[in-house]
Structure formats: structure tokens, C-alpha cells
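With chain G fixed as given, assemble chain C onto it according to the hints.
Same order as they appear, the protein sequences are chains G and C. Numbered by our numbering, the letters in the first sequence go through residues 149 to 263 in order. Numbered by our numbering, the letters in the second sequence go through residues 478 to 588 in order.
Fair warning: there could be bad hints in the mix.
Claimed, not checked - Keeping only pairs whose Cα atoms sit at most 27 Å apart, straight-line, the calculated DSSO-like set for lysine-lysine is: (1) Lys174/G - Lys556/C; (2) Lys519/C - Lys479/C; (3) Lys174/G - Lys522/C; (4) Lys519/C - Lys556/C; (5) Lys161/G - Lys519/C; (6) Lys479/C - Lys522/C; (7) Lys556/C - Lys522/C.
No lab work stands behind these hints, which were simulated from the structure alone.
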Amino acid sequence: DAGVTQSPTHLIKTRGQQVTLRCSPKSGHDTVSWYQQALGQGPQFIFQYYEEEERQRGNFPDRFSGHQFPNYSSELNVNALLLGDSALYLCASSGRWSSGSDEQFFGPGTRLTVL
Amino acid sequence: RKEVEQDPGPFNVPEGATVAFNCTYSNSASQSFFWYRQDCRKEPKLLMSVYSSGNEDGRFTAQLNRASQYISLLIRDSKLSDSATYLCVVNVNTGRRALTFGSGTRLQVQP
Chain G
149 DAGVTQSPTH
159 LIKTRGQQVT
169 LRCSPKSGHD
179 TVSWYQQALG
189 QGPQFIFQYY
199 EEEERQRGNF
209 PDRFSGHQFP
219 NYSSELNVNA
229 LLLGDSALYL
239 CASSGRWSSG
249 SDEQFFGPGT
259 RLTVL
Chain C
478 RKEVEQDPGP
488 FNVPEGATVA
498 FNCTYSNSAS
508 QSFFWYRQDC
518 RKEPKLLMSV
528 YSSGNEDGRF
538 TAQLNRASQY
548 ISLLIRDSKL
558 SDSATYLCVV
568 NVNTGRRALT
578 FGSGTRLQVQ
588 P
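Isolated chain G (complex conformation) (with noise of 0.2 Å):
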């Protein structure tokens, strides 16, 4: 059984430029939250996916957009790449939305770096 996967695992961008990072939940999981986290610091919600929408939202700009796609599988687009941007991009899957389980399984990441 295939846990959390994401694409690609490493990605590196210019300041201005736009970037798609991807997540496939583990298998039974139909909720997809992000989280953004900086060198020594822990992860910081993004958003939170459901049923194709956005559910919850975390402090982040509106450069920050995301989409879930029938299958579950979402994605993470960031546009007008910042130096502040660089960071591990973690995406998180969790059971069911209806039984109200809040243990979130993470992938191992995307390591974006904006120079």
C-alpha cells in the first residue's frame, strides 16, 4: 500500500518564476492538506483540500493556490517566486473527511529552492 507520494523531490526556481509541486494521497484518503516548512522552523498550514475545494486556509498569500483533482491527488502552484519561498513543501493525507479522523500521514516532500 502506497503511502503519501509527491513530485518532484527537489526543485529549484528563480525569484518571479511559478512552480507545481504534486501530491498523491495514501490510498483510502480523500483530504489533502499542505504545509510549508522553513529550515528549523516546524511545518506551517498552507490549505487543506476536500471534494475538489478548498476547505481551510492558512496565513498564506494568494500567491499560494492549489487545486485536488477527482482521484484525490492535488497539487500546490506558488506563483512570483520569492527568496522567502525556499522551504520543504510537505503535503499530508487523511482518512475519510466523514469520520472526523485528524491524524495526517505526510509525504516525503519537495525541497524548493528560489535563488
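Okay, now just chain C, sitting in the frame of chain G:
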């Protein structure tokens, strides 16, 4: 004030030692509590959930004090493999399932 605060450490302890980590959270509406473990350059992995009655999993014991808004993790008989960053996590479950992480406490167990 941060929503979840932890002592960043590092805690340097010898093998076999007992070590305790503490964490405080600011939102009294928080309803779910967890400890996650994160190895260097890896993803966080759930170590254990924390319940009001306290819970134990082998060498690990977690406690929650809702009145003081305080969570603890005790590791007994430390192993070299316990070296990692331990993240205190809460969920203010007001209809959402977004986790709020502390900055983590780094543990280095030495031979």
C-alpha cells in the same frame, strides 16, 4: 505569542537516560494533540496521540494537562535511534483539520 511553544534544545543525553520534553499551547479550544518525530531532512511521522488520561507506548509516555494547556513527552531508556526532532502538534478542531506545529525540540542521544 506562538500558538505552540517548545524548548528548541538541543537536548544531549547519554544512551539509557530518561528525557522529558514540554510544550504549551495558547488556544484553549484545541481538541487534539500529538507528538510527531522528524528525522533530519525527512517528513514528520506520527509518534503518538496524546489523551487527557495520559498514554504510554513502550518507552514513550505522553501527558496532557488541559487546565495548564501543557503537553509533555517522556522517553525512557533512550536509544541512539531516538535522535531526532520532536514536534508538538495541536488541532483546533473547529470543523477543520489543520495541524498547528511547534518549532520542535532536537534530541541527540550519545553513546
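>> Tell me the hint numbers this structure goes against, listed in increasing order.
In response: Per hint list: single violation, 1.
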